[in-house]
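Enquirer: Protein chains in written order, with this note's numbering: chain W, 13 to 438; chain Y, 437 to 840; chain L, 2 to 343.
Be aware that one or more of the hints could be misleading.
[Stated by the list, open to error] Listed next, the in silico PhoX-like pairs over lysine-lysine satisfying Cα-Cα at most 25 angstroms (straight line):
no.	chain 1	residue 1	chain 2	residue 2
1	Y	LYS561	W	LYS66
2	L	LYS168	L	LYS118
3	Y	LYS561	Y	LYS651
4	Y	LYS655	Y	LYS555
5	Y	LYS555	W	LYS38
6	Y	LYS561	Y	LYS694
7	L	LYS135	Y	LYS597
8	L	LYS34	L	LYS118
9	Y	LYS694	Y	LYS597
10	Y	LYS597	L	LYS118
11	L	LYS257	L	LYS34
12	L	LYS257	Y	LYS694
13	L	LYS135	Y	LYS699
14	L	LYS257	Y	LYS491
15	W	LYS360	W	LYS433
16	L	LYS257	L	LYS168
17	Y	LYS484	L	LYS136
18	W	LYS433	Y	LYS561
19	L	LYS168	Y	LYS699
20	Y	LYS699	L	LYS136
Think of the hints as simulated: they come from the structure by calculation, not from any bench.
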Amino acid sequence: MSKLAYVREKEIPQSAPPITEVGIIKWLRENLFSSWLNSILTVLSLYFIFILLKDFIPWAYGAHWTTGSIRECYDVNPDVACFSVLTARWKQLLFGFYPPEEYWRPTLTFFLLILSIIPILFTRFVRFFWFSLLYPGLAIWLLWGGSIWSVAIIYFGLGLGFLSFLIMDSRLIRSASISLLAACLITVLFFMFLASFSAEMLSSLIPIYLPYVESLKFGGFTLSLIVGVTGIVASFPLGIVLALGRQSDLPLVKMICVGFIEFIRGVPLITLLFVASVLLNYFLPPGSNFDIVLRVIIMVTLFSAAYMAEVIRGGLAGLPVGQHEASAALGLTYWQSQRLIIMPQALKISIPGIVNTFIGLFKDTTLVSIISLMDPVGLASLIRADTKWNGIYWELYIAVGLMFFIFCFGMSQYSQYLERKLKTDN
Amino acid sequence: MSSVDFPVEKFRFGMLLSDTRYRSTSLQVITFIFFVAGVFWLVDNTVKNLALLDKDVSFSFLWMRAGYDINQRLIPYTNDSTHATAALVGILNTLLVAFVGCILATIIGVFVGILRLSKNWIIAKLMSVYIEGFRNVPLLLWIVMVFALLTEFTPQPRAFKGENPDASMIIFESIAVTNRGTYLPNPQWGAGSIWLILVFLVSLLGIIIFRRYAKNIQKNTGRNLPVLWVSLGIFFVPTILFYFILGSPVTLEYPYLKGFNFKDGVHIRNSFIALTLALAFYTSAFIGEIVRSGIMAISKGQTEAAAALGMRPNKIMSLIILPQALRVIVPPMISQYLNLTKNSSLAIAVGYMDVRGTLGGITLNQTGREMESMVLLMGFYLTVSLLISSIINYFNRSFQLVGK
Amino acid sequence: MKKSILFGITAALGLSAGAVFADGHGSTLDVVKERGNLLCGVSTGSPGFSGVDDSGMNVGFDVDYCRALAAAIFNDPMAVSFVPLSSAVRFTALASGEVDILARNTTWTYSRDTDLKQTFLGVTYYDGQGFMVKKDLGVNSTLELDGATVCIQVGTTTELNLADYFKANNMSYEPVPTTDNAESKQQYLAGACDTYTTDASALHGTRINLENPDDHMVLPEIISKEPLGPLVRHGDDNWADIGRWVLNALVIAEEKGITSANIDSFADTADAEIHRLLGTGDDDILAMMNMPKDAMYNAIKATGNYGEIFERNLGASSGINIVRGVNNSWTNGGILYSPPFR
Numbered sequence: 013m014s015k016l017a018y019v020r021e022k023e024i025p026q027s028a029p030p031i032t033e034v035g036i037i038k039w040l041r042e043n044l045f046s047s048w049l050n051s052i053l054t055v056l057s058l059y060f061i062f063i064l065l066k067d068f069i070p071w072a073y074g075a076h077w078t079t080g081s082i083r084e085c086y087d088v089n090p091d092v093a094c095f096s097v098l099t100a101r102w103k104q105l106l107f108g109f110y111p112p113e114e115y116w117r118p119t120l121t122f123f124l125l126i127l128s129i130i131p132i133l134f135t136r137f138v139r140f141f142w143f144s145l146l147y148p149g150l151a152i153w154l155l156w157g158g159s160i161w162s163v164a165i166i167y168f169g170l171g172l173g174f175l176s177f178l179i180m181d182s183r184l185i186r187s188a189s190i191s192l193l194a195a196c197l198i199t200v201l202f203f204m205f206l207a208s209f210s211a212e213m214l215s216s217l218i219p220i221y222l223p224y225v226e227s228l229k230f231g232g233f234t235l236s237l238i239v240g241v242t243g244i245v246a247s248f249p250l251g252i253v254l255a256l257g258r259q260s261d262l263p264l265v266k267m268i269c270v271g272f273i274e275f276i277r278g279v280p281l282i283t284l285l286f287v288a289s290v291l292l293n294y295f296l297p298p299g300s301n302f303d304i305v306l307r308v309i310i311m312v313t314l315f316s317a318a319y320m321a322e323v324i325r326g327g328l329a330g331l332p333v334g335q336h337e338a339s340a341a342l343g344l345t346y347w348q349s350q351r352l353i354i355m356p357q358a359l360k361i362s363i364p365g366i367v368n369t370f371i372g373l374f375k376d377t378t379l380v381s382i383i384s385l386m387d388p389v390g391l392a393s394l395i396r397a398d399t400k401w402n403g404i405y406w407e408l409y410i411a412v413g414l415m416f417f418i419f420c421f422g423m424s425q426y427s428q429y430l431e432r433k434l435k436t437d438n
Numbered sequence: 437m438s439s440v441d442f443p444v445e446k447f448r449f450g451m452l453l454s455d456t457r458y459r460s461t462s463l464q465v466i467t468f469i470f471f472v473a474g475v476f477w478l479v480d481n482t483v484k485n486l487a488l489l490d491k492d493v494s495f496s497f498l499w500m501r502a503g504y505d506i507n508q509r510l511i512p513y514t515n516d517s518t519h520a521t522a523a524l525v526g527i528l529n530t531l532l533v534a535f536v537g538c539i540l541a542t543i544i545g546v547f548v549g550i551l552r553l554s555k556n557w558i559i560a561k562l563m564s565v566y567i568e569g570f571r572n573v574p575l576l577l578w579i580v581m582v583f584a585l586l587t588e589f590t591p592q593p594r595a596f597k598g599e600n601p602d603a604s605m606i607i608f609e610s611i612a613v614t615n616r617g618t619y620l621p622n623p624q625w626g627a628g629s630i631w632l633i634l635v636f637l638v639s640l641l642g643i644i645i646f647r648r649y650a651k652n653i654q655k656n657t658g659r660n661l662p663v664l665w666v667s668l669g670i671f672f673v674p675t676i677l678f679y680f681i682l683g684s685p686v687t688l689e690y691p692y693l694k695g696f697n698f699k700d701g702v703h704i705r706n707s708f709i710a711l712t713l714a715l716a717f718y719t720s721a722f723i724g725e726i727v728r729s730g731i732m733a734i735s736k737g738q739t740e741a742a743a744a745l746g747m748r749p750n751k752i753m754s755l756i757i758l759p760q761a762l763r764v765i766v767p768p769m770i771s772q773y774l775n776l777t778k779n780s781s782l783a784i785a786v787g788y789m790d791v792r793g794t795l796g797g798i799t800l801n802q803t804g805r806e807m808e809s810m811v812l813l814m815g816f817y818l819t820v821s822l823l824i825s826s827i828i829n830y831f832n833r834s835f836q837l838v839g840k
Numbered sequence: 002m003k004k005s006i007l008f009g010i011t012a013a014l015g016l017s018a019g020a021v022f023a024d025g026h027g028s029t030l031d032v033v034k035e036r037g038n039l040l041c042g043v044s045t046g047s048p049g050f051s052g053v054d055d056s057g058m059n060v061g062f063d064v065d066y067c068r069a070l071a072a073a074i075f076n077d078p079m080a081v082s083f084v085p086l087s088s089a090v091r092f093t094a095l096a097s098g099e100v101d102i103l104a105r106n107t108t109w110t111y112s113r114d115t116d117l118k119q120t121f122l123g124v125t126y127y128d129g130q131g132f133m134v135k136k137d138l139g140v141n142s143t144l145e146l147d148g149a150t151v152c153i154q155v156g157t158t159t160e161l162n163l164a165d166y167f168k169a170n171n172m173s174y175e176p177v178p179t180t181d182n183a184e185s186k187q188q189y190l191a192g193a194c195d196t197y198t199t200d201a202s203a204l205h206g207t208r209i210n211l212e213n214p215d216d217h218m219v220l221p222e223i224i225s226k227e228p229l230g231p232l233v234r235h236g237d238d239n240w241a242d243i244g245r246w247v248l249n250a251l252v253i254a255e256e257k258g259i260t261s262a263n264i265d266s267f268a269d270t271a272d273a274e275i276h277r278l279l280g281t282g283d284d285d286i287l288a289m290m291n292m293p294k295d296a297m298y299n300a301i302k303a304t305g306n307y308g309e310i311f312e313r314n315l316g317a318s319s320g321i322n323i324v325r326g327v328n329n330s331w332t333n334g335g336i337l338y339s340p341p342f343r
């Protein structure tokens with residue numbers, strides 16, 4: 013036996029890892045000080061953060077919350093924030109000039125909005141889809157008030173049209189296009205001759221109504237949400253039509269759709285809002301008069317429809333050509349294949365894009381302040397014009413910015429989550 | 437083979453829609469009718485409304501005296517000039533802010549995008565905060581806040597006055613940063629400066645030639661020449677040399693305080709700085725995300741393969757990753773440029789006189805020609821955006837991978 | 002055949018859209034009465050003239066004029082909706098029928114009267130363009146402002162006056178355009194401009210609310226005439242008459258010493274004009290413009306006379322502290338002079 017080999021017979025007890033390889037020090041070393049350059053960057057960043065916070069924290073921390081005017085803030089301590097303006101005006105920032113006793117209506121509308129989105133986003137709740145369909149009418153009634161029957165009659169008319177289309181298509185005529193035309197005719201006739209009459213009759217028989225609130229009273233975040241959400245929802249069908257039109261084989265249809273999309277996407281939203289504010293009345297029959305909020309909603313809808321069309325077109329382009337070919341091979345007509353095969357898939361891929369469009373649109377609603385609508389930014393100028401608060405600056409803008417940030421950041425996080433979820437599905 | 441006679445189908449009305457031979461035509465005819473009817477309806481309404489208001493459509497206001505002053509003008513303009521000149525001044529101002537904004541946004545955006553992928557935790561987090569902060573707060577608020585920051589936290593010109601001024605000019609007393617803008621030295625082109633410019637242009641040409649040469653060497657022999665250092669050398673050395681040989685033909689005219697304001701020097705107004713910065717910051721957040729996703733779209737195998745070949749990390753980034761990522765990055769980046777240009781129409785919030793402020797603002801307001809002004813304004817933005825999208829299309833055609 | 006059906010449908014759609022929204026281009030008074038409230042265009046915020054208080058109530062000098070008009074029509078000063086309008090969109094809003102009347106400290110000028118097709122109803126406030134400077138600037142006259150940086154609100158007549166004035170005096174200036182009064186004030190205070198120019202009333206109002214009003218002064222020169230007043234569209238003379246005479250009634254009421262508090266004590270006065278004005282006499286002259294007999298009574302009762310409106314919104318009790326000056330009744334040395342109510 014050679015004695016050369018040394019064989020350890022006992023295991024060395026495990027020693028603790030070197031101090032630079034564990035816990036916080038390891039983390040610091042790897043993440044902050046891994047090289048000279050990184051160390052310098054880290055120190056610079058820390059210094060930068062320090063500079064940012066050095067003045068901001070004392071300013072925000074000692075802030076006034078309860079004084080009655082900016083003058084009183086100055087008198088007590090002029091070096092800290094005067095958030096009293098928020099205490100005095102937060103209701104206006106949220107609801108505009110909506111009558112205070114009716115604040116529950118926009119609030120309820122907002123929570124119902126969340127409820128109505130659930131069936132669209134989560135397939136598990138798809139059986140509550142009827143609520144999502146019902147929601148727009150409900151929201152209009154809650155926000156503007158008036159008799160519930162005028163909204164109900166609109167739903168009835170649309171339902172009537174849809175039903176007559178279904179019956180004619182499957183039983184009577186069996187030609188989609190002709191039944192569609194006929195159904196449209198029925199709907200139009202209904203609205204022309206029966207709608208207002210029956211709405212009035214029902215209102216007098218069973219009066220269910222809320223006090224009417226005119227659009228001029230809308231403001232603050234309520235207005236931003238109304239314009240943003242209506243813009244997105246109303247632009248959805250229009251966007252689908254435009255996207256399909258853009259891909260159409262019919263040159264004329266394609267030309268009109270491309271022209272519309274490129275025009276809207278080529279000009280800034282603010283010019284379109286100016287059109288809504290100063291020109292739209294020229295294009296409508298003499299004497300007709302929408303109020304400015306409605307006109308803005310119309311313009312914003314057209315605007316986001318163009319962007320929506322591009323998002324949906326992206327979704328359509330993301331589908332393999334095989335899907336079109338397979339559905340054609342199964343003998344499905346164009347509309348059947350769109351409805352059953354193409355659109356459900358394309359829309360699903362487009363959801364993150366749609367959410368992003370919505371975030372963009374929601375931020376862009378601040379532009380309505382330039383045409384003197386009272387969204388949070390417009391309200392900020394209005395509040396600054398009040399003698400009591402003349403001189404307030406950062407407090408209002410920071411508050412408004414923070415509210416937008418919370419909302420948009422939440423949405424974008426959600427859309428990223430969706431994106432990840434959809435990615436793993438494929 | 438026996439031929440079968442198909443019964444010749446008699447034309448029925450329903451066939452217009454059910455028969456594929458006619459359907460496309462008839463559908464288009466229907467669309468056309470609707471379209472024309474819609475356009476007719478709009479035009480008819482407009483004509484009626486204009487008649488009711490006793491107005492006409494005429495562009496003659498463009499040749500009338502504008503009567504108002506514009507602070508930043510790139511071409512000669514006084515209040516005696518016409519509205520058309522005012523509109524042109526506005527257009528140039530829009531293009532200027534868009535151009536500078538795009539360059540700045542690209543630089544910041546690329547940095548932010550790359551740094552967000554940094555292994556340094558605090559840097560990556562800071563960049564995330566930067567991106568999310570700018571992306572999720574409306575641009576209008578950013579413009580207003582940046583402007584307020586500049587106004588509140590820079591000294592007024594008067595602070596430079598007196599024995600013990602509160603503020604002083606920076607960099608050898610040559611640049612004055614005030615809350616009315618920044619005053620830079622103004623170069624004076626003396627005699628002989630034409631030669632200097634010529635030398636400079638020649639050295640630029642030299643750089644291009646050298647780069648070609650270096651590329652060839654690398655292709656043929658695999659040897660890498662120190663391109664960056666030599667280029668920098670060619671860029672600076674001859675020009676500086678000739679500057680002294682020619683006896684300093686270019687002098688700087690320094691801004692100095694006189695009366696209410698600084699005189700001489702180049703005045704870059706705060707409205708311009710604030711608007712450009714806000715647009716650049718806001719857009720750079722989007723560009724940062726585009727750059728990041730572009731880099732992440734390049735598969736990890738590329739990095740690993742390059743590392744296996746023995747390349748250093750910054751070489752991998754500049755020679756392997758970025759060139760491939762550019763293909764993904766550039767088209768959405770150009771559409772961000774388009775967005776920036778359109779967003780520059782918010783200039784009114786800081787009183788920057790862009791085309792929206794002159795033609796679509798004061799001119800519209802003083803002449804009451806809203807229809808005509810809006811048509812011209814939209815025409816301008818449409819032209820710009822069509823130009824930019826044709827650039828995107830050109831890029832897509834020439835740089836996309838073929839065969840995919 | 003097919004085409005004719007399509008045309009029919011299109012036409013029907015167009016017609017129905019027209020029918021639903023049309024409310025006719027009849028008399029503005031009828032439209033207002035049918036709607037049940039007055040639509041009054043005001044500014045988006047101008048201290049003393051138009052603003053919103055903490056409780057969300059519209060207040061201000063221009064606002065009160067509209068309330069008086071609403072009281073005259075409906076006997077209810079609250080039957081009015083205020084449409085905030087920026088200076089850029091105000092005339093289009095009026096022209097397109099979005100508002101019935103514009104009370105938005107608007108200067109009465111020749112071209113606005115003729116080219117923009119508006120009818121001005123009178124002058125509610127005689128103003129003029131002035132300049133405010135910091136005292137330590139050492140400037141005592143506008144003529145010393147050569148080379149100054151001037152803050153100015155865009156889209157107003159002040160812009161054109163400024164250009165004309167500096168040109169006439171062979172001086173140069175650098176304009177800093179801003180969007181509203183609060184923004185101008187911000188820029189001026191930070192020193193981003195040497196002087197702030199706008200209507201003198203607004204300057205006084207702004208100055209008195211600064212942290213140290215004594216550090217600032219409004220220069221003595223007034224470089225323009227700015228008669229501010231309400232206006233309506235061309236083409237409805239009766240509506241213009243109503244607006245004009247409600248304004249005149251407020252002025253006459255001050256002349257005659259009628260206030261919202263003592264208005265009921267004039268029932269047996271010997272002054273026949275007061276009887277005609279308040280509708281307490283036999284002849285109903287207000288019927289000449291299709292208004293109720295007690296229209297002016299209701300207006301004065303609701304908002305008070307011109308002097309009360311002024312005092313409440315612009316005078317000492319408002320904190321803005323503008324002196325009456327020329328905006329006083331001619332009986333008190335001012336130039337407010339209403340044609341007789343006869």
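Enquirer: Each hint needs a verdict: does it hold in this structure or not?
Expert: Structure-based check of all given hints:
1. LYS561/Y <-> LYS66/W: Answer holds: LYS561/Y to LYS66/W is near 19 angstroms, not above 25 angstroms.
2. LYS168/L <-> LYS118/L: Outside the cut-off at roughly 29 angstroms; violated.
3. LYS561/Y <-> LYS651/Y: Measuring from Cα to Cα gives roughly 38 angstroms; hence the hint is violated.
4. LYS655/Y <-> LYS555/Y: 33 angstroms, violated
5. LYS555/Y <-> LYS38/W: 14 angstroms, holds
6. LYS561/Y <-> LYS694/Y: 47 angstroms, violated
7. LYS135/L <-> LYS597/Y: 16 angstroms, holds
8. LYS34/L <-> LYS118/L: Answer holds: LYS34/L to LYS118/L is near 24 angstroms, not above 25 angstroms.
9. LYS694/Y <-> LYS597/Y: Within the cut-off at roughly 9 angstroms; holds.
10. LYS597/Y <-> LYS118/L: Violated, at roughly 51 angstroms.
11. LYS257/L <-> LYS34/L: This hinted pair is violated, its Cα atoms lying about 30 angstroms apart.
12. LYS257/L <-> LYS694/Y: 57 angstroms, violated
13. LYS135/L <-> LYS699/Y: It holds: about 21 angstroms lies between the C-alpha atoms, which stays within 25 angstroms.
14. LYS257/L <-> LYS491/Y: Violated, at roughly 43 angstroms.
15. LYS360/W <-> LYS433/W: 11 angstroms, holds
16. LYS257/L <-> LYS168/L: 45 angstroms, violated
17. LYS484/Y <-> LYS136/L: Answer violated: LYS484/Y to LYS136/L is near 56 angstroms, above 25 angstroms.
18. LYS433/W <-> LYS561/Y: 24 angstroms, holds
19. LYS168/L <-> LYS699/Y: 20 angstroms, holds
20. LYS699/Y <-> LYS136/L: With a Cα-Cα distance of about 23 angstroms, the restraint between LYS699/Y and LYS136/L holds, given a limit of 25 angstroms.
Checked against the numbered hints given earlier, this structure breaks hints 2, 3, 4, 6, 10, 11, 12, 14, 16 and 17; the rest are met.
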